[in-house]
Structure formats: C-alpha cells, structure tokens
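So the protein sequences, as listed, match chains F and D.
The first sequence begins at 1 in the working numbering and counts up one residue at a time.
The second sequence begins at 266 in the working numbering and counts up one residue at a time.
Simulated from the structure, these hints should not be mistaken for laboratory data.
Do not take every clue at face value.
[What the hints assert, rightly or not] In silico DSS-like links for lysine-lysine, alpha-carbon gap of 30 angstroms or less:
no.	chain 1	residue 1	chain 2	residue 2
1	D	491	D	542
2	F	259	D	513
3	F	259	D	542
4	D	341	F	87
5	F	259	D	422
6	D	314	D	283
7	F	91	D	304
8	D	531	D	513
9	D	359	F	116
10	F	87	D	542
11	D	372	F	91
12	F	87	D	541
13	D	299	F	87
14	F	91	D	541
15	F	116	F	91
16	F	91	D	574
17	D	488	D	531
18	D	513	F	91
19	F	116	D	488
20	D	513	D	491
21	D	359	F	259
22	F	91	D	363
23	D	542	F	91
24	D	555	F	116
25	D	283	D	304
26	F	87	D	363
27	F	91	D	359
28	F	116	D	341
29	F	87	D	574
30	D	491	F	259
31	F	91	D	518
32	D	299	F	259
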Amino acid sequence: MSFRGALGIIRLQVATRFAYPFEFWARLVTTPMYVAVFAFLWLTVYQHSPSATIGGLTAGQMVAYYILVEISVQLITMQEVIWQMGKEVRKGRIDVELIKPISYWGGHLAHRLGDKVAFGAIMVVPFFAVAILVFGAPVPDALTLGAYAVVVLLGMLLSFFMCAALAALVVPLGHEFGGMTLLWILEGLLGGIIMPLQLYPGWFQSIAMASPFQYTIYTPAMIWLGRMPVTAQLLMGMLAWTAVSFVIAWTAWRLVLRKMTVQGG
Amino acid sequence: MDYAIRAQHLCKTFRVHKREAGLAAAIRSTLFRKYATIKAVDDISFDVKRGEVVGFIGPNGAGKSTAIKMLIGVLKSDSGKVEVLGFRPFEQRKQLVKRIGVVFGQKTQLWWDLPAIDTLRLMKDIYDVPQADWNARYEMLDGILGLDEFIRSPVRKLSLGQRMRAEIAAALLHGPELILLDEPTVGVDVVGKERIRGFIAGINKRLGTTVLLTSHDMFDVEKLCKRVVIIDFGRIVYDGSLETLREKYVHRKRITLTFSMPVAEKTVSRLGYEWKKRTDTTYSFWVPKKEVPDFLEGVLAGFRIVDIKVEEPGIDAVIADIFRHKGAGA
Numbered sequence: 001m002s003f004r005g006a007l008g009i010i011r012l013q014v015a016t017r018f019a020y021p022f023e024f025w026a027r028l029v030t031t032p033m034y035v036a037v038f039a040f041l042w043l044t045v046y047q048h049s050p051s052a053t054i055g056g057l058t059a060g061q062m063v064a065y066y067i068l069v070e071i072s073v074q075l076i077t078m079q080e081v082i083w084q085m086g087k088e089v090r091k092g093r094i095d096v097e098l099i100k101p102i103s104y105w106g107g108h109l110a111h112r113l114g115d116k117v118a119f120g121a122i123m124v125v126p127f128f129a130v131a132i133l134v135f136g137a138p139v140p141d142a143l144t145l146g147a148y149a150v151v152v153l154l155g156m157l158l159s160f161f162m163c164a165a166l167a168a169l170v171v172p173l174g175h176e177f178g179g180m181t182l183l184w185i186l187e188g189l190l191g192g193i194i195m196p197l198q199l200y201p202g203w204f205q206s207i208a209m210a211s212p213f214q215y216t217i218y219t220p221a222m223i224w225l226g227r228m229p230v231t232a233q234l235l236m237g238m239l240a241w242t243a244v245s246f247v248i249a250w251t252a253w254r255l256v257l258r259k260m261t262v263q264g265g
Numbered sequence: 266m267d268y269a270i271r272a273q274h275l276c277k278t279f280r281v282h283k284r285e286a287g288l289a290a291a292i293r294s295t296l297f298r299k300y301a302t303i304k305a306v307d308d309i310s311f312d313v314k315r316g317e318v319v320g321f322i323g324p325n326g327a328g329k330s331t332a333i334k335m336l337i338g339v340l341k342s343d344s345g346k347v348e349v350l351g352f353r354p355f356e357q358r359k360q361l362v363k364r365i366g367v368v369f370g371q372k373t374q375l376w377w378d379l380p381a382i383d384t385l386r387l388m389k390d391i392y393d394v395p396q397a398d399w400n401a402r403y404e405m406l407d408g409i410l411g412l413d414e415f416i417r418s419p420v421r422k423l424s425l426g427q428r429m430r431a432e433i434a435a436a437l438l439h440g441p442e443l444i445l446l447d448e449p450t451v452g453v454d455v456v457g458k459e460r461i462r463g464f465i466a467g468i469n470k471r472l473g474t475t476v477l478l479t480s481h482d483m484f485d486v487e488k489l490c491k492r493v494v495i496i497d498f499g500r501i502v503y504d505g506s507l508e509t510l511r512e513k514y515v516h517r518k519r520i521t522l523t524f525s526m527p528v529a530e531k532t533v534s535r536l537g538y539e540w541k542k543r544t545d546t547t548y549s550f551w552v553p554k555k556e557v558p559d560f561l562e563g564v565l566a567g568f569r570i571v572d573i574k575v576e577e578p579g580i581d582a583v584i585a586d587i588f589r590h591k592g593a594g595a
C-alpha cells in the first residue's frame, strides 16, 4: 500500500473516532477509571504493608506503573484487529476489503494506527503528566525516551501480528470471541496488566518473561520507570517474537484466504 | 479477440456446517459437528469481450456471487482457469483490482460514519489517482448520478438509492476498464434504478467500459444487456443473446381478444387453446407461435373483434421458467 493510501486511512479512522462525540468523551473519562481501581487497591495494600516497597516499587511507583500500563494498552496493543478481521470473515465482508488495491493487513494496521492517533495522542500526554507530577515517575533522558519509542513501535508490530494470527482462528472456530478472550487473559496475566511480573512466583515469572506479551505492556512501562535497561538482548527478543508472529499470521492467513468461503451476495 | 474475462471450467466447493433445529442440536453441535459439501460453482466456462455489457443472472444460491468473487480474486477456484484483463485474479489480486471496479449492492465500501465524500477522496489516495483526473471524473459522475445533493452527509443518513449512487461513484473514480456490479439496484426506488441504469449504459457507450451485471431485476438486464449468462445450481444453463433466449424458450404467445359483445365460456373453449377470462368481452389465449396466424384468421372470420393484443412473455417470466426447468414460455 502506498504511503498516501495509508495516511488517508489513518486520517479517516481518526475522523471516525470523532464522529460520535459522546463515545469519544466517555472513553476519555472511563479509561482513567481502570487505573483508579488499581491505584486505590494498591494504596490500601501499601498502607497495611510493613515494607515501604513491594516488588521493588514504592506506592507512587506502583500507581505510576499502572498508568504506564494503561498507556501501553492504549498506544501499543491492537486487540481490535481480532474483532475487526474476525467480523469481516464471519460476516462475509472480507470481500469488500479485498477489492481495494491495498494489502489487507496494511489496511488494518492503518485503521488501528488511526485509533492510536485519536485516543493515544490525546490521553498519553495527561497520563504521563499525572504519572510524573503526581506519582513521581522519572522523567527519562533522551536515550531512554528514544529506546522507549523504539520499544513502542516494535510492540505495535508485535501486537498486530499476534492479533492477526489469532484473528485467523475465526475461520475454523467460527467466531472471534474465543481469540479475543484468550488474548485478554494472556495479556492480563503474562503481559503485566494485572500486576507487575516481578510479583509472581518464580516459575510463573519465568513463563511470563519468556512470553511475547510482556514486550507489549510490562517492558515499556518498566523502561519508562527506569527499572529495565534497553539491551540488545531485549530488542532481539522483541524482533524474534515479531518475526515468529508474522510468520504464523502470514501462514494462517494464506490458508484462510485459500479456504475462505464468502457465500452470498 | 480481445477479452476482458476468460473463465474456463471453474469449480468451487464449500464445506458448510449443518445441524438440526433446536436447543439439543445446538448443544450437541458444540462437540459433534456435521458438515456438508456444497458445489457452489460447477464447471463453468464463459468469456466476456471488452466493451460488452453482460447480464450474469440466476436465482439465489445459484453461484453468481461465488463466480464473481473468483473473477476478482477474493476466492480461489478449486480447479479451472480464469483470466481477467490478462491477470490471474487470485494470484495477482492487487494489480487486477486497480483496474476494475466492483459494487456489491448488499455491502458497502463507504465509511459508514463519515460523509461519502471522505470515502471518495480516500479512493483517490488508495488508487493513486492524480487530483486533476479525480476532479474530472467526479464532475462527470456528479453530472449523471447527482452526487452533490447528498455527498456531504454521513453515509448512515443516506437513503439506499443515494448510498448506491455513492457506491458506484466510489467504484468508478479510478477509471476502471471493467466493472462488476452485484445487485446494484437492490432496494432502490424506480427513479433511482432508472438513474443507475442510465449511468451504466452511458459509461459503456462513452468510455467502452466492460460491464458484468448481476441482478434479480430482469428489467435491469433487459435494459442494459444484449447478452446474458444464466447460472443455476452452479452451472451455466444459457449463454447467448436475449433475443435468442426468447426464440429458444418462448414457444407460445399470449393473444388478448376483445369481442364486440359478451362471449360464452363454452364458445371460447371450443377454440381449443388455453384461455383466461378477463371480462365478459375480453379473453386471453396462449397460442403456439407457429399457430398464431391460423388462430387469428379463424377468430376474425368467426367473431366481431374490436381489439387484438399479441404479447410475448417478459424476460422475467422466461427466466423464471428456465429456473423451474420447464423451458417453455408462459
């Protein structure tokens, strides 16, 4: 797909997100509520804890962690790909997408980037501000900021291909719900949405750290907090998982498109 | 011969999940699923020359849409060969779709929540259409389809006819050589249908655009297509001109006679043809084509006739008969 075409899709997707003002403002108001739930829970835990730190994090850093996790979810993860691709396959609407001279995936990626621009950009700045000014998250230096940006971009691709692979399951399973539920559970547990991975028992922590999900949520948050260095090993791990996800998604979709049944007008 | 479409021995089978009705069957099907194989397209071959307008018709579930999806590269045929504008559709989909336009009457490619003009502008970006070309084509399409009346309203607020006009514009702004229209007038009112038909005929005449049209509205087909390909149960049952179709399948004509005074049904029965009473003085007769002159000669000699109307069944009646596998005109 041409750059011009991708930009066009991103522009319209942003416009779509502003088409229903209530939906936009409702999302803007409700998203911080997720963070608030975790913040109150952890502040209570810290009040009753004999130690000032849990898992190496102070109470402020813990809240900042959840704010940064929410930023990861808004900026990086692409669960909606499963819902959209799944709906297209299930409802036989994929033909409408395939009559355009663009890559099917490229089109979906551009749609999701539009979402990221619409919601991410607006929420990210106030979220970072609260994390830094209220809860004492560090202001990263230029190098850390650059590394964070690289990890976010790689994380987007990784999340996109993982979701595309799961979306392909719609054809044999007949519905996207299973794939989405699976992803929510995996991201919640292994990605660090529910709690920082260092709080898990050792064996489970090893599983989580070996999974690709930590790269899209936990890793960026910990990099911003200055608790995880950006090493070549980390980047290689992300690249390797992105490549593996791409190959799985590509193979799955080739099979899907060959076996696809889009019946009816 | 320059062909836009060459399809040879195309086949496509689908495996579909089948289950009995009811809750118990629904629960059972979560563990044990039964499948049936459906032959959606069964060895079809046909060509479309460049510049032709061909009607591709058949009842619901006949395999029309499946065939069209194989022609545009959305579905891969199980066997057979297909070439569209010199491309192998499934393998060269992106190159092919750049040169064709597709309208699915029952599905929209417009962005639902945004004004239709936004989608039309996006098409310019996606198809890399130069601004000047886009402007000229938009002006032409607006002139015929009356786009400016509604193009700045969100698609979800448009009437079906307006939406269809916008869909057609979206499919044509890049100047395709071939357009495939799958039910372009479905649900559209009479005025809207007339506008769309006029437009299709116009671009074929003016630009030489090849058109493959699928429609359940036989009036669309009759108005636009000289040639029809009829598909039923996944097989082509007729491929030829509408004229030949009539000659081949219409064996009887309907003759409506208005007598100068009431005629008894017993008298009418003696004429020996199937008849239907319209009024006391008007009756319709179904007479084999070859016997029409003798029939008319006989009634004119025996009765005082004030009006005679000789009709052939409409193309819809002919095609309905083919689908019922009777093969004779009504």
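Structure-inconsistent hints, enumerated in ascending order: When the structure is compared with the hints, numbers 1, 2, 3, 5, 6, 8, 10, 12, 14, 16, 17, 18, 19, 23, 24, 28, 29, 30, 31 turn out to be violated.
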